[in-house]
Amino acid sequence: MSAIDAPNLFIETNGRRLAYRSIGSGQPIVLCTRFRGNLDCWDPAFLDALAGAGFRVITFDYSGLGLSTGTATYNPFAMAADPRDLIEALELRDVVIAGWSLGGIVAQVVVAVHPTHLSHAVLFGTTPPGPIVKPAEELFFTTAAREVNDFEDEVILFFEPRSPESRAAARRSVDRIAARTKDRSVPVPAEFARANLSKDHTAPIFPALPVLEALRATTLPILHIAGDHDIIFPVENWYALNQTLPTVQLLTYPSAGHGPHHQHPEASAQHIASFVRTTSRVVES
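Counting from 6, one number per residue, gives the positions in the sequence shown under this note's numbering.
Source of the hints: derived by calculation from the structure; they are not laboratory data.
Take these hints with a grain of salt, some might be off.
[Unchecked claim] Just the calculated beta-carbon pair ranges, DEER-fashion:
1. T76 - Q248: 32 to 42 Å
2. R21 - D233: 37 to 47 Å
3. R167 - V118: 31 to 41 Å
4. T224 - D180: 34 to 44 Å
5. V118 - P251: 36 to 46 Å
6. P136 - A183: 18 to 28 Å
7. E271 - D233: 18 to 28 Å
Virtual Cβ for every residue (Gly too), placed ideally from N, Cα, C.
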């Protein structure tokens with residue numbers, strides 16, 4: 006089954022209904038979506054490539070957004086209850102927790118606070134916790150706050166506008182995402198998203214020092230996949246933590262932006278599969 010055809014599924018857990026989709030079989034990988042994201046914001050080619058690489062690929066809508074019920078929030082510590090509860094309700098074990106952008110922050114909180122059933126973490130275009138060396142670009146905030154984002158906005162937000170190859174990849178990715186026409190999720194309200202944009206555009210978006218300390222102490226293998234020009238979460242902030250995060254591997258694509266796994270869906274899936282296959286969590290005796 007392709008991601009384009011995957012049915013919407015629902016599970017009742019802890020007083021709300023979480024909407025999710027599942028394709029493939031094998032080790033589960035649970036993907037936490039981006040700011041303003043829902044079930045339909047993942048590139049089907051990336052999800053299909055993960056399934057083809059031997060994963061059970063699970064995407065979901067956060068509480069109160071998309072097709073899920075409950076209280077909507079963009080507080081990552083509260084949002085982390087969604088993947089935690091989904092993992093428990095579906096009785097998943099040996100889970101790869103993954104997240105894009107805001108979802109990558111959520112995934113880091115899961116690693117720090119709810120690591121019991123995890124084997125690995127994979128992050129896309131997100132920020133490390135704590136102080137940063139390079140802030141976001143103002144262009145992100147003006148573009149992300151628009152009522153509706155057109156194709157040019159998508160290029161600015163997730164690709165590299167200066168690269169013809171990245172622009173062409175953006176066209177292909179946007180067309181693949183639009184190929185699903187039935188049983189789509191509900192867009193995140195623009196007013197809700199705007200209200201959750203940081204007012205101080207130079208400040209760290211994820212200033213959670215306890216999570217940084219957890220990443221410094223974890224034995225869970227972590228992979229971060231980035232573009233070399235991410236206008237919201239510059240990859241330089243990860244490289245600034247070299248030699249302080251013992252399990253973090255960094256993969257950076259050239260001439261790419263905030264959605265590197267959409268520009269390089271098959272390659273990203275293969276990198277993830279290789280990472281999971283060749284690394285393991287150190288279990289202390």
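Is it true that P136 and A183 lie within 18 to 28 Å of each other by Cβ? 39 Å, violated
Starting from the range 37 to 47 Å, see whether the pair R21 and D233 falls in it by beta-carbon distance. 39 Å, holds
Does 31 to 41 Å hold as the CB distance between R167 and V118, or does it fail? With Cβ atoms ~39 Å apart, the hint holds.
Between the beta carbons of V118 and P251, is the distance compatible with 36 to 46 Å? Taking Cβ atoms as reference, V118 and P251 lie about 19 Å apart, which means the hint is violated.
Is the distance from the Cβ of E271 to the Cβ of D233 consistent with 18 to 28 Å? Distance hint for E271, D233 holds at roughly 19 Å.
Okay, T76 versus Q248 on CB: inside 32 to 42 Å? 40 Å, holds
Does the Cβ pair T224, D180 satisfy 34 to 44 Å? 41 Å, holds
In summary, the numbered hints that this structure violates are 5, 6.
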